[in-house]
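Let's have the full structure, built from the sequences with the hints guiding it.
Protein sequence lines correspond, in order, to chains X and H.
First residue of the first sequence? That's 0 in numbering that gives the first Met the number 0, and the numbers climb one at a time after it.
First residue of the second sequence? That's 0 in numbering that gives the first Met the number 0, and the numbers climb one at a time after it.
Honestly, the hints are just simulated from the structure, not real lab data.
Warning: the hint list may mix true and false statements.
Because identical chains cannot be distinguished in the list, a pair is counted as satisfied if it fits within a single copy or across any two copies.
[Stated by the list, open to error] Here are the simulated DSS-like pairs of lysine-lysine, each with C-alpha atoms no more than 27 Å apart in a straight line:
| hint | residue 1 | residue 2 |
| --- | --- | --- |
| 1 | Lys-613 | Lys-454 |
| 2 | Lys-613 | Lys-473 |
| 3 | Lys-207 | Lys-308 |
| 4 | Lys-618 | Lys-482 |
| 5 | Lys-610 | Lys-454 |
| 6 | Lys-476 | Lys-613 |
| 7 | Lys-610 | Lys-207 |
| 8 | Lys-613 | Lys-481 |
| 9 | Lys-613 | Lys-482 |
| 10 | Lys-61 | Lys-123 |
| 11 | Lys-661 | Lys-570 |
| 12 | Lys-476 | Lys-618 |
| 13 | Lys-446 | Lys-613 |
| 14 | Lys-713 | Lys-618 |
| 15 | Lys-207 | Lys-114 |
| 16 | Lys-332 | Lys-382 |
Residues per chain are reported as follows:
Protein chains: 2
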Amino acid sequence: MNLKTTASSIALFLLLQSSYAQQKLSGFSSEHAQQQQDLEARFDKGLSAAAIGNNIRTLSAKQHYLGMPRDKWVAENILQQFKSYGWDAHLETYQVLFPTPKTRVLEASYPAGYKAVLKEPALKEDASTGQPDELPTYNAWSADGDVTGELVFVNYGLPEDYEYLERLGIDVKGKIVIAKYGRSWRGIKPKVAQEHGAIGTLIYSDPKDDGYYQGDVYPVGPYKSEYGVQRGSIMDMVIYPGDPLTPGVGATENAQRLERSAATNLLKIPVLPISYHDAAPLLAALEGPVAPDAWRGALPFTYHIGPGKAKVHLKLEFDWKMVPAYNVIATMKGSQFPDQWVIRGNHHDAWVYGAADPISGLSSLLEEAKAIGELAKNGYKPKRTLVYAAWDGEEPGLLGSTEWVEAHAAELQQKAVAYINSDGNSRGFLGVGGSHALEPFMGEIAKSITDPQTKVSIFERKQASDLVSAASTKAKKDILAKKDMTISALGSGSDYSSFLQHLGIPSLNVGFGGEGAGGEYHSIYDTYENYSRFKDPGFEYGVALSRLAGHAALRLADADVLPFDFRSLSKTINGYTTDLLSLAEQMRENTAVENQIISNNAYQLAGDVTKPLKAPVAKPEVPYIDFSKLQNALVALDKTAQHLQDARKPQLPAAQLEVLNKALYQAEQQLLHEQGLPNRAWYKHVIYAPGFYTGYGVKTMPGIREAIEQRRWKEAEEQIGIAATAINRLTDYLEKTFNSIRN
Amino acid sequence: MNLKTTASSIALFLLLQSSYAQQKLSGFSSEHAQQQQDLEARFDKGLSAAAIGNNIRTLSAKQHYLGMPRDKWVAENILQQFKSYGWDAHLETYQVLFPTPKTRVLEASYPAGYKAVLKEPALKEDASTGQPDELPTYNAWSADGDVTGELVFVNYGLPEDYEYLERLGIDVKGKIVIAKYGRSWRGIKPKVAQEHGAIGTLIYSDPKDDGYYQGDVYPVGPYKSEYGVQRGSIMDMVIYPGDPLTPGVGATENAQRLERSAATNLLKIPVLPISYHDAAPLLAALEGPVAPDAWRGALPFTYHIGPGKAKVHLKLEFDWKMVPAYNVIATMKGSQFPDQWVIRGNHHDAWVYGAADPISGLSSLLEEAKAIGELAKNGYKPKRTLVYAAWDGEEPGLLGSTEWVEAHAAELQQKAVAYINSDGNSRGFLGVGGSHALEPFMGEIAKSITDPQTKVSIFERKQASDLVSAASTKAKKDILAKKDMTISALGSGSDYSSFLQHLGIPSLNVGFGGEGAGGEYHSIYDTYENYSRFKDPGFEYGVALSRLAGHAALRLADADVLPFDFRSLSKTINGYTTDLLSLAEQMRENTAVENQIISNNAYQLAGDVTKPLKAPVAKPEVPYIDFSKLQNALVALDKTAQHLQDARKPQLPAAQLEVLNKALYQAEQQLLHEQGLPNRAWYKHVIYAPGFYTGYGVKTMPGIREAIEQRRWKEAEEQIGIAATAINRLTDYLEKTFNSIRN
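Below, the structure written as structure tokens:
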């Protein structure tokens, strides 16, 4: 064996290696896989961390909330960028309602002279802060109101907190509640308060949750300082998101609009977010029972529940204006399938400067657009149409994306292959949520992208983090045994919602995080200065996001066979069903045991006479629920998904491929239930929805799960029927597809 | 059936009821059971809550720590009380070493001008506080020292905290550490600090643990205020308790004494307890990594681990005096078995006023003595001798009781039927710990005593509390199914230690608590004013304690057959063995998985580059351990315990009863291993010991458990052999006893 032979062997080895790598691009013939990998390599070379940083700096330099001139300036800047990169781009404008504050008063009779500051101070260490006319701290969609009442501390303001208040004999009717930010989407807190008869809600940021308890505060570290306030929407978007006046339809100039009072996603009570500086004197003045351990924060006094001597006066008035929401839509037409759209989006509006939220994610998106533009200048033509979007009005309630989706619903259900969303991005670990038929696809991509810090794949780094943070040895063993990536289910909180949950368009939400924690969210301190010190100093995770989302978009645009794998969906729904069975089983056992404890009088006997606490009320026993329809539906789906997977090959004839691909990307629409979820018809997907009492947090198989959680047994069985019907519809649809490509 | 018949039936029914009640007094013939119950009813009538309150007020009116004149005054007051109740009483005095502070300086270069206050202020709301010459705040047995060094925060100062420091690359060698009170006995903290090379230790009370985080602070509520300090001993009493100069022998006038430097239970570094007022500036000045969540307290700043700019100067000097410890010993001679002693004790010395600790428990004991004295005046003579004791010098390290036990060791091993201990008492739930052969006996008593607040039995109330606070539905179901009382195992922290763990005398520790939580422990605020507001306002739990301990003492004194049931002991040891098996199994699995995670490099990959944290070091795999000797020993014990239980009847002839009873109460001595535990020969019991790294907290089957926990596998198997031998010795002993009463 001479040297030459050895060299040949090495070459062969490298070739095998590379062909092995090709096999990882599912949906591509091996020739096309090689081309696609070359394309991605060129795409990657077009990405610049510095350029991402520059965009973050430029677009977050001044505040740019929905409806203000700078918001339009940002939209037009983005528009120009798209155009300069060679994209066909335009603004698409909707007219939406958007309240901004006119009057904000929070004062109290006790402690004497109390008047809330309601203002975040400028910091000399952060030159961005303190610009003129910063948007005051407020919760958008609070009702106008002028109320005075006693104050009650309600922990995070969730239903279980009110159950505990009831045991204490404390009623919030006619009172103002003060809740901590955290544990749920903020809009849940005033909604539950309103359900319990409260006349107003204060939401404050306890230093336990994102302030000094967590770490050094800004500007020393990234955490929330004394006066920091989280702005944010409290629209009840689990009913429907988007413009409250135009549910289900695009908020075009001439759309038919509801009266504001008829909008079912607007609350009736005034709501104000405050800093812990403003909250502390009110909390310290509360009397009544000491708050239980889980309710206590990090302020240096004993947390009482109230009420106390303080009568609190809350007066809020808003300017309820119609404003234009400027979506920027850029397209690059598909060479083979122009009517198949791969959509990629990130919002551009911010509460104030919004360097992290949303500009960091947006800048990655723009960088992708730039790199794809360069590919195009060098001859690249995507097979399918790429649609890159920068949404306006996400912060007040996903307004821009929702109105666009509603306006284009029919066309999107025909054409949209998938929607890939991002939002704020930071250092850390890969996060992917979305449609589970895309789970293996995203796993392939995640295994092929290198983590900027550790130089292993972002998949491997995420798995390492899962391993280290897993709570039990059993969980660690499960992770060690796992070879594939798991993606999470999507609730709400960013612009994928209408695509996925209203139209059934396969959706993904991608980003990095976990090492960029801080307290700047929705405050004036979400600045370039802050971002570039604490979130992603070298903007390398910005590049990683561009690669992640860009490769996904390009592969979807160019795949011979679209990389949907319904075995993953089937497996995932099976898992959810197992969860639901065990949820019902546990509730049954817990209820039986708890009722026995109640009937034994144990709560009274265990109680401290100096701390009166009623026993919980016994709950009706949990019946056995018939899951069989669902279980049978899943057996069928499982089989069909396997058939189809075996049959879907890039080598199929073009005509069959075209039929197959369209069927694959439209399949998820079979999981829509036209009448939607109980009491919130806008949400039509039977597998994914935001929780009625969690907000951002997802409820998988929401119709069934929420019925069980809220002990509506008849509804649970109805919802099982609805889900089974939808799954059977999907199975039939996939089986038909399978037959059509076999024949 | 006429009315008369009906009345007879009712009478019969009542008789049956009453005879059923009699059967609950195991160890008594039914005739004697009735007599005993009558006796107990008369005893109960002799108890007065007001008298208990008066004793608490009188004996805690001035400070009375070991060695000061008031300590002697208290002993003499108790002596006079015993005498006045008709007991034969005397002082038994030992000469013990006891250091009090001469110099206490804590200062720092940063923050500038820092000098610790080291003084608890008087409160106008509590007239007891602020008397002249209150004992300064200090930790007894701290070394003299004058050290200057950087400061490192070590959480609770336990071995696992230092493992984490090692991962951070922070070494305490040559530094001063600051640890929080809590999670372990205080003496563990400086011991572990010294093991790691620290030159001094500060221990502070974080408001999270017993201050404002828990509830309103004194005098508004019972929790620890800004300047409150916990005094206390840091003698390494898990090596041996009692006078450090006379291990194993009574500290009589002429006892042979060690040089102080040769006492292996004294640490070499200076140690000072401080308030959070004094700790906060030092903690706030720390730099370095942010402390992990579990380390953080409730002070309003970010907890860093250090070190920082501060150099801390700690200078401590003590007056190492020999002082007299006055035990008060009162006896009431047994009419039938004067050489069988039922011993009841509670200490009388306090750190300052000590209303709760120890005077509340002591006052219940005195009330028992009074009521028994009244019974005696009316003709009652206990069959066995009652010995009521008030120990001195418990606070610095169980000095009085240990020296008495060591001085009388041989006699006690012959004569002591059981030792019943109490200490501070408060409102709440029954607590019983001790020798498990007495578990059913204590269960009977607990079921017959009424809880002052709820009027159900103290057993039932405890079970209700266990039910409500159980962490899982499974645990709740287990409790619901449970009919018998479980007693806990004893570690250390009060005067039972030498009886049980050094001599193998059956011991019990009894009291109430759980609703009297506060922050007064070992501070100047443990006063009558505090006690009577927060701990046991009507002193009714004082009466309940008198009933509980008094009934136990009287039943043990009068029983025909002593109520030892070795089936309970056997069952308990079986349970511990199952725990140990599962501990080894879990360690094996955890070690394997953790080592795999470490070898996967997951810690490095999951780590944040801005927060360097080394991976844990891989640990040797856990071998399979041979438990068979122990398991076989338990099978045999189980059988014999059942034989004996079947045979032990009050109807046995007197001579056999006498043999049986003596054998029963001496049986537990068979569980002593003469060479004691590894490196701490004073602790001889193979089932119960305080943990080497927990202090007060018990380690059951300590030789085996600590060997496994500390990964000394060979030692674990040796200790299994030692435990098995001891258990076999007990089995043989019981079998011999069984044979002797059969023949």
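Evaluation of the provided hints:
1. Lys-613 with Lys-454: Close across copies (18 Å), not inside one copy (57 Å); limit 27 Å.
2. Lys-613 with Lys-473: Only across copies: Lys-613 and Lys-473 sit 23 Å apart there, 38 Å inside one copy, limit 27 Å.
3. Lys-207 with Lys-308: Cα proximity of Lys-207 and Lys-308: in one copy and across copies (25 Å, 26 Å).
4. Lys-618 with Lys-482: between (43 Å within a copy, 26 Å between copies)
5. Lys-610 with Lys-454: Only across copies: Lys-610 and Lys-454 sit 18 Å apart there, 57 Å inside one copy, limit 27 Å.
6. Lys-476 with Lys-613: between (43 Å within a copy, 22 Å between copies)
7. Lys-610 with Lys-207: Both. Shortest intra-copy (26 Å) and inter-copy (20 Å) distances satisfy the 27 Å Cα cut-off.
8. Lys-613 with Lys-481: between (47 Å within a copy, 25 Å between copies)
9. Lys-613 with Lys-482: between (50 Å within a copy, 26 Å between copies)
10. Lys-61 with Lys-123: Result: close within a single copy only, 17 Å intra versus 57 Å inter.
11. Lys-661 with Lys-570: within (23 Å within a copy, 69 Å between copies)
12. Lys-476 with Lys-618: between (37 Å within a copy, 17 Å between copies)
13. Lys-446 with Lys-613: Answer is between; shortest inter-copy Cα gap is 25 Å, intra-copy 54 Å.
14. Lys-713 with Lys-618: within (16 Å within a copy, 54 Å between copies)
15. Lys-207 with Lys-114: So Lys-207 and Lys-114 pass the 27 Å test inside one copy only (23 Å; across, 29 Å).
16. Lys-332 with Lys-382: within (8 Å within a copy, 104 Å between copies)
Against the hints set out earlier in the document, no violation occurs for any number.
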